[in-house]
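Novice: Residues per chain, in single letters:
There are 2 protein chains.
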Amino acid sequence: MDGTAIRSRIADMLRDLPEAARSALVDPVPPRNLTDWSTLGPECPGALFCPRDTAQVAAVLAAANAAGIPVVPQGGLTGLCGGARPIAGAIALSLEKMSGIEDLDEASSTMTVLAGTPLETVQRAAEAAGFYFALDLGARGSCAIGGNASTNAGGNRVIRYGMARDLILGVEAVLPDGTVVDALSKLIKNNTGYDVRQLFVGSEGTLGIITRLVLRLHPRPGCTHAAICGLADYDSALRLLTGARRKLGPTLSAFEAMWPDYWEVACAVPGVRDPLSGPHANTVLVEAQGTDETVDGPRFEAFLEEMFEQGVIEDAALSQSIGDVQAFWGVRDACAEFKTTLGPHHAYDVGLPTGAMDDFARACRTAIAEAVPGGRSVFYGHIGDGNLHLLGWQPGASSQPGQALDEAVYATVRDFGGSVSAEHGIGTTKKPYLEHSRSPEELEVMRRIKRALDPNMILNPGKVIDA
Amino acid sequence: MDGTAIRSRIADMLRDLPEAARSALVDPVPPRNLTDWSTLGPECPGALFCPRDTAQVAAVLAAANAAGIPVVPQGGLTGLCGGARPIAGAIALSLEKMSGIEDLDEASSTMTVLAGTPLETVQRAAEAAGFYFALDLGARGSCAIGGNASTNAGGNRVIRYGMARDLILGVEAVLPDGTVVDALSKLIKNNTGYDVRQLFVGSEGTLGIITRLVLRLHPRPGCTHAAICGLADYDSALRLLTGARRKLGPTLSAFEAMWPDYWEVACAVPGVRDPLSGPHANTVLVEAQGTDETVDGPRFEAFLEEMFEQGVIEDAALSQSIGDVQAFWGVRDACAEFKTTLGPHHAYDVGLPTGAMDDFARACRTAIAEAVPGGRSVFYGHIGDGNLHLLGWQPGASSQPGQALDEAVYATVRDFGGSVSAEHGIGTTKKPYLEHSRSPEELEVMRRIKRALDPNMILNPGKVIDA
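Residue numbers (full-length UniProt numbering), protein chains in the order written: chain A, 1 to 467; chain B, 1 to 467.
So here's chain A without its partners, still in its complex pose (with noise of 0.2 Å):
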C-alpha cells in the first residue's frame, strides 16, 4: 500500500473513530516523533497518537486493524536500529503520556508502571522506597521502560541481573484487534500454560503494545567496589572472567572488556583519565555490589590480590570511594563521546560466545580493514554475558561506507556462530542480517507467531521480520 492510500484510509478512520479516542490525535507531529536514534533520518506519519489510557490505545488499534493502517508504537524514541521510526503516511503511537508509577509492593518486591515511564524514573521511585531496579542503560534519562521491554534491553549489570525479560513479571499488552491482555501478574513463579509475556518482551512492538508493567525491584546494594585491570592477554581475562564468578559470587554486577584500540580512543576524550600506566593487551573494569563495607570490601581486595599472585593481573587500580567507581567507569562510558572525538561511524552490538571474543575481534578488524579502505575498528564489551560492542569507520571519509561494514561485521558474526544483535535488536536496520544469527526454521516459528497475533500485518510492518 503507498502513501496516499493509506493518507486516504487514514481521513476515513479518524472520521469513524470515538470521541474519546480522537482526543488522543496530535496534530502537528512534533519533530521528536519523526525518527528514532538510528542513522535513518526523519520519516512522517499519517497522523500521531498520544494516548493516555490503555482504552484508547485498544481504540486506535482496532481502529487502524479493522481500515488495514499500519501503526508504529512509540517509547522514548532511543532506540538504534529503526523500530520506533515512522512509516511514511501511517499512524504512530506513542506511549509518552501514559507515565507514572501505579504501585510499589514491597512484600512481593515489584512495581507497576505504565509503559511511557522514563527508564530513570523507575529507578528513581525504587531507591526512594529502599530498593533497587537494576536495568541501566546510557540512555536512562530519555528511554521510556515500554521501549526497554519491547526490546528486551540489556544494560552493564545483565551478569548479575538478567536482561529486561528478567525483570519483567507481568504486562498489560494490546493485539492488534484491540484486545487488551492482562497479564499483570506480580508472581515469580505461575506455570499456567504458555508464558504470554515473553511474547510481547523483545517483539519490538510487533505482536502486541505494552501498556502497563509490572517489575521485579532488587534489595539496594549496600556498598559497591570496582577496579580496572590491566591484563597480558585475552586469556587472561577469561582466568579473571572464571575467578570473579569464583570469589565474588553473586556479587559480581559488571565484567567489561576493554581492547587496547578501545582503550586508546577513550582515554583520548576530554576528561577521561587513565588509571593505569602503560598499555595492556586488555583492560577490564571488574565491579562487585555487596551489602556490607566491612564484609565486601576486605573480599574484593582478597580477590584482586590472589589474581595478582597466580598472575592473572599485570597491573590494577581499585576503587578506594564511589568517586573512582565512578571514574572508572567513565573510561567505559566515553563511547558516548566517540561521535564528537572520532567522527562519523557505524556502532554494532553482537553477541558471541565468551572463549571466541579475541578471535573474533581479530577476525573482524581484518575484514573492516579489508572491506574499506584504511578502515577502522574498536572492540569492548560485557563479555561475561557473551556480549561485544564494536565501531567501524574510514577515517576521514564524508559518507561512511554503511553497507560494506555491516557486511564485513555480520559475515564474520556468522561465521562465528554470533548473534547480529545482543542487546539492540533489529528493527529495520538489522533485519537484512537476520537469518545470519537465526535458522530458516527459527525464522518460520516466528512468522507463524506474527500471523497469529496480527493476522492483518498492522503492527509495525516491515521491522523485525516479514510474515
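Among the hints, a few may not be true.
No copy is singled out in the list; a pair is fine if it fits within one copy or between any two copies.
[Said to hold, decoys possible] Subject to a maximum C-alpha distance of 25 Å in a straight line, what follows is the list of computed SDA-like cross-link-like pairs (lysine to any residue): (1) Lys431 with Ala452; (2) Lys339 with Pro42; (3) Lys339 with Gly396; (4) Lys97 with Thr35; (5) Lys431 with Asp182.
None of these hints come from the bench; they were simulated from the model.
Predicted model, so just to flag it, every value in this text is computed and none were measured.
Chain A is already provided as a structure; the job is to place chain B on it using the hints.
Specialist: Chain B in isolation, oriented as in the chain A frame:
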C-alpha cells in the same frame, strides 16, 4: 476420534514409517510408560516410540501429524498433573533413550545435553567440572531435564537462581510436522527477534518436543549456611525476608516458611528432629550460599543476631556444619513421607502475592474444613518466590473427596488473585481451573499460539488448553 479409529490409523502409519524410525518402536509397552506421578492411574498407549536421536523424533512426528494421530511426549514421568500420561490408543513418545552430556563450555558456562538426561546426571556433570547446575527438586534421580524444561520446573533455590526458564539458554525442538527447530544458542544476550525458546519451555509438550538443551551453569558455591527461625507471626516472616534480602544480598539461596500445622506433621515423621524448643506461629528455613567461609559465615551470624535484636526472631538454630544444613532441610523435605504418615491426601502448589499468604492460608484452611467433613490442611512453601504448597485431606476417608478439595482450594486462590499452579504445571488435573488464574484474553492468545504451531492438534491434545 475413539480408540479403535486411532489404532487403525497407527497400524497404517507403522506400515508406511521409514525403517529408521520404526526401529524406535518398543513393544510391548513397559508398565513405567503407562502413567506419571499424578493420581490418575495407568492408561495404555496404542504405540510407544523411544527414539535414539532427533531424526527419529522428527520421523515419528511427521508420520503421526500426517495421519492425525495424537502424540504424548514422555520424559522421567515424574510430573504431578498428568501431562505425560498416555492418551488411550495414541502414540507415546519417550525421550528416555536420548540421554547424555554433549558439551561443557567453561568460558560460556554452559552445558549442552540431550532431553532425556536425568536431572541428577546433569547436576553431577556440572559439579565434576567445578560448576553448579542450580535446578533442584525431590525427583532429581528420576526426572529428565527435558521434562524439567517443558514444565518450567521450579524447586528450592528459585529465589536465587530462577526457574528452569532462567537456566535454559537454548533448545532444539521438533514441531508436530517434523520440522527440527535449532535454537541451541549459548548466548545470554540474543535480541534477534522473538524468543522462540520460551515457547517450548513451560508449554508441557503441546507446541513441540524438546530434544536438546543448552543449560546455564553457575559457579559452585564455596560454603553454605542455614538457620531454622521460630517466629511470633507471619508479619515477622515478611520482616525476616526483607532483612535476609538486604543483609544476605544475592547469597540468599532459600527461604522456606512452614505454618504450625505443617511443622507438627513434619516433626512427627520418623527420623526428623525439631531443632527448636516449643511451637511458633511460623517457622522459616533460611539458607545462604557464599563463596568463602571466613567472610560469609560471620555475615550470616551477624544477620541472625540483628534479626534477634530487632525482635523479628523468637528462637533460632544456626547450622554449625553441612550436616546441620541437611538436618534442617530434613524438616522441609519431610513432606515426601506424608503419604506414609498422613495417608491419602491431595497436594496443591499455588502462586500468591507474598504479602497475602497468611491470609490465604487462614481462608483456605476454613474453606477446606467447611467443604469436607473434618477436612484438614497443612501449609508450607517458598514464600520469597510467591509459592505456597498445601495439602488437604479428610482424615479416615478411604476415598478422598478430590473434587470438593480442589474446588475449595482453587476458589480461594481465585479470590486472592493467585495462580492455580506455581511449579507443577497444568496437565489435565488443573485444566478445569486454568481460567481461575488467566484472563480470557490470555487464554485466547494461548489458543492462537497452539493453532499456529500445531494446526492438526496432535501434540498432547487435551492437556493444558483446548484450542
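Novice: Hints first: check each against the structure and report whether it holds.
Specialist: We went through each hint and held it up to the structure:
When the C-alpha separation of Lys431 and Ala452 is checked against a cutoff of 25 Å, the pair qualifies both within a copy, at 21 Å, and between copies, at 23 Å. Taking the closest pair of Cα atoms, Lys339 and Pro42 come within 25 Å of each other only inside a single copy of the chain (19 Å); across copies the shortest separation is 68 Å, beyond that limit. Within a single copy, Lys339 and Gly396 get their C-alpha atoms as close as 13 Å, which meets the 25 Å cut-off; across copies the closest is 77 Å, which misses it. For a Cα distance limit of 25 Å, the shortest separation of Lys97 from Thr35 inside one copy, 18 Å, qualifies, whereas the shortest one across copies, 54 Å, does not.
Proximity of Lys431 to Asp182 under the C-alpha cut-off of 25 Å is restricted to the inter-copy arrangement: shortest distance 20 Å between copies versus 30 Å within a copy.
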